[in-house]
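Letter by letter, the chains look like this.
Number of protein chains: 2
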Amino acid sequence: MLGRLYKKQNCSAARALEVVGERWSLLILRDALFRGTTRFSDFQRTLGVAPNVLAKRLEGFIAAGILEAGQSQHSEHREYFLTKKGRDLKTVVIALTAWGDRWAAPHGPPVVFKHESCGGHVEQQLQCTTCGETPILTDVVARATNPCPAKRESRTLPATRRREKMEPRSV
Amino acid sequence: MLGRLYKKQNCSAARALEVVGERWSLLILRDALFRGTTRFSDFQRTLGVAPNVLAKRLEGFIAAGILEAGQSQHSEHREYFLTKKGRDLKTVVIALTAWGDRWAAPHGPPVVFKHESCGGHVEQQLQCTTCGETPILTDVVARATNPCPAKRESRTLPATRRREKMEPRSV
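Protein sequence lines, in the order shown, are assigned to chains D and C. Sequential numbering from 7 applies to the first sequence in my numbering. Sequential numbering from 7 applies to the second sequence in my numbering.
Since the hints were made in silico from the structure, they are not lab data. Predicted, not measured: the structure shown is a model, and the values here were computed from it. It is possible that part of the hints are untrue.
Which copy is meant is left open, so a pair is good if it fits within one copy or across any two.
[Unchecked claim] Below, computed lysine to any residue pairings styled on SDA-like, alpha-carbon distance capped at 20 angstroms:
1) Lys14 x His113
2) Lys62 x Glu28
3) Lys13 x Gly66
4) Lys14 x Leu60
5) Lys62 x Thr52
Pulled out of the complex, with its shape left as it was, chain D reads as follows (with noise of 0.2 angstroms):
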């Protein structure tokens, strides 16, 4: 676990935060996922982020158990392999890309997410597992698995009664 806590936080969100929300953290973890990235110096050279900071960065991930440290085959280099913890963060990734997508690519995106045994082109979609719609943002609130005690009421997200307040348009 990484130094950046978000100790009053009663929130999965914040959990994953704290072992990948620190700077550069999201863009080594994508070079290792999209780039097959393994070598201290890879990492280095396409980020341009400073050694030390690429160095904490990396022990972090193998404390949190998404990077392992091993050696390559062909030399004496130490490198680093995602685990299943690590590589499940994709999600994140195609997220966070898709959301950039969007809103921050005028020249349209930079990359795209393929299938790779069929070729297509890979989205990632809300579901509803009851009805099979793919809900309209809007349509998608949180509710507290556990909001019964009051001790935890201020620290789990309340029934959406604030709801129109917070999301006064459709999108």
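Use these hints to put chain C onto chain D, whose structure you have.
Only chain C this time, still in chain D's reference frame:
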């Protein structure tokens, strides 16, 4: 645009992180998105973030077009409302939360996402728009949309000739 730039990165994830990648940014937006929080004092109370940091983030979001300032009908308080660009970040918060639920919630997810219309559970899925499948993560690859110019080669994701190295195991 906030001051945390990744200038050398021709990547929509990097552009997204320039806007939402600073400490507290995504938790402030989570509260706006899923709690309907609009007031400075409410953000401050539920997050426990330092007022100067909160003020800086909120003004940054206004500058980036993610929030817009307004005034309550019932008081003179300044309020912060999500724009369409801001509301679209729901998918990023959901992706982060889902990862945190899987890897950093030993007591189970504190919050679940629901389809308000039918009460069903909402999940985020990858889908191939060609074959309709939900691809496994190892089968999702990144392809540069314009990989030709030599000048851009080092800044865009290359063809995944190193993919086997990158993803030694299936997810």
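Going down the list of hints, with the structure as the test:
1. Lys14 x His113: between (40 angstroms within a copy, 16 angstroms between copies)
2. Lys62 x Glu28: both (11 angstroms within a copy, 18 angstroms between copies)
3. Lys13 x Gly66: within (18 angstroms within a copy, 24 angstroms between copies)
4. Lys14 x Leu60: between (28 angstroms within a copy, 16 angstroms between copies)
5. Lys62 x Thr52: The answer is within: 17 angstroms in one copy meets 20 angstroms, while 30 angstroms across copies does not.
In this structure, none of the earlier numbered hints is contradicted; all agree with it.
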